[in-house]
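Colleague: Residues per chain, in single letters:
Number of protein chains: 2
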Amino acid sequence: MSETYPSALLEKAVSEFSKLPGIGRKSALRLVLNMLRRDVSDVDEFCNSIMTLKHEVKYCKVCHNISDTDVCPICSDRRRDASTICVVENIQDVMAVEKTQQFNGLYHVLGGIISPMDGIGPGDIEVDSLVDRISTGDVREVILALSSTMEGDTTNFYISRKLMQYDVKLSVIARGISVGDELEYTDEVTLGRSILNRTPFKQ
Amino acid sequence: MSETYPSALLEKAVSEFSKLPGIGRKSALRLVLNMLRRDVSDVDEFCNSIMTLKHEVKYCKVCHNISDTDVCPICSDRRRDASTICVVENIQDVMAVEKTQQFNGLYHVLGGIISPMDGIGPGDIEVDSLVDRISTGDVREVILALSSTMEGDTTNFYISRKLMQYDVKLSVIARGISVGDELEYTDEVTLGRSILNRTPFKQ
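Those protein sequence lines, which keep their order, are chains F and A.
Per UniProt numbering, residue 1 is the first one in the first sequence, and the count goes up by one each step.
Per UniProt numbering, residue 1 is the first one in the second sequence, and the count goes up by one each step.
Derived by calculation from the structure, the hints in this document are not laboratory data.
Among the hints, erroneous ones may be present.
Which copy is meant is left open, because identical chains are indistinguishable; a pair holds if it fits in one copy or across any two.
[To be verified] Each computed DSBU-like pair below joins lysine-lysine, with the alpha-carbon atoms no more than 35 Å apart:
#1 K19 <-> K61
#2 K12 <-> K58
#3 K61 <-> K99
#4 K26 <-> K162
#5 K169 <-> K202
#6 K26 <-> K61
#7 K162 <-> K99
#8 K162 <-> K58
#9 K26 <-> K58
Please take these sequences and the hints and turn them into a complete structure.
Modeller: Structure below.
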């Protein structure tokens, strides 16, 4: 059922907000009315932050992560191990891995995964530039850290074929039961894999 | 645990988005990255719609609803019954009542309800202008359509005292079980009220 907005300006703003992912028209209206209640300077700052980001955003020339500089802080950090590259789908995944504090190498952000259903082919993601990085011979290990989905598996397979000719170790992040998971509630595929890929018990 | 954003511009935009009600930092990041993926013209339009609304928004001089004109379309509609005023808390409530297509009178938007806990007193809501509208003598009925909460009840009581001296009928929207509700899941206060306020059965 269509809503009747008391103002065309309001309706326009609501329809712009509702283009955002996961924001319906009802939430959009709530957000817009919140904006209306705030100071003009606040709203200015909100809009400026988006426009500035949009116009001045850079992507690291090496790993394609978002960066304020041509080469991102991670890629230019000499203390990090440049011989190990962790391949991830997107920027959020870099942040997720960084948060674990378990990885000290560099990243490679694909900017998507191969998904024919969504019209994303191998040419749409940053695989060629990954191959370029490997072809220098300085990289010893590539860790594939993609989602454990059909698309992730397809992309892993595609990358592995592309890197076959190089002398580089390929690994995939472990799949198994989550820490804290109860066995009886774990799905059988995950449980099956976690048995196949069992690791030596450490005391 | 604090996140490390790869870019200060990104962090600024995320922190602006997460000021919106109901948007956490994780959702904010998702929204900002969505913005980044869109065309510059799209992002321009998004920002323009908010800024235009913020700078050009008007409130109806009569009912205080948002309006593109000095007097809103509802207040200036001669076909509507100007002798009945429905008092609501906010703009969303006008839209909600309009959607029912059961009301053909005018509105009065209070812009809030009395809530001492939130520091909102009688002086912060549009009661005086309601009294002005009633004092002309043209209004026969005021329908109080506020939320069925302590704050709504307090506001209803305050308005009723303010209007006591005028010859105007005061009514409150019915409270009872929702259409479609099952009796056994209705809370006892609502069910109790719906029995006290029972209406003649119509076939």
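Colleague: Now tell me if each hint is right for this structure.
Modeller: The hints, checked one at a time:
1. K19 <-> K61: This pair counts as both: shortest intra-copy Cα distance 30 Å, inter-copy 32 Å.
2. K12 <-> K58: For K12 and K58, the Cα distance is within 35 Å both inside one copy (30 Å) and across copies (15 Å).
3. K61 <-> K99: within (23 Å within a copy, 53 Å between copies)
4. K26 <-> K162: between (47 Å within a copy, 34 Å between copies)
5. K169 <-> K202: within (25 Å within a copy, 80 Å between copies)
6. K26 <-> K61: Cα proximity of K26 and K61: across copies only (26 Å, versus 41 Å in one copy).
7. K162 <-> K99: For K162 and K99, only the intra-copy Cα distance (29 Å) is at most 35 Å; the inter-copy one is 58 Å.
8. K162 <-> K58: within (27 Å within a copy, 60 Å between copies)
9. K26 <-> K58: Both. Shortest intra-copy (34 Å) and inter-copy (21 Å) distances satisfy the 35 Å Cα cut-off.
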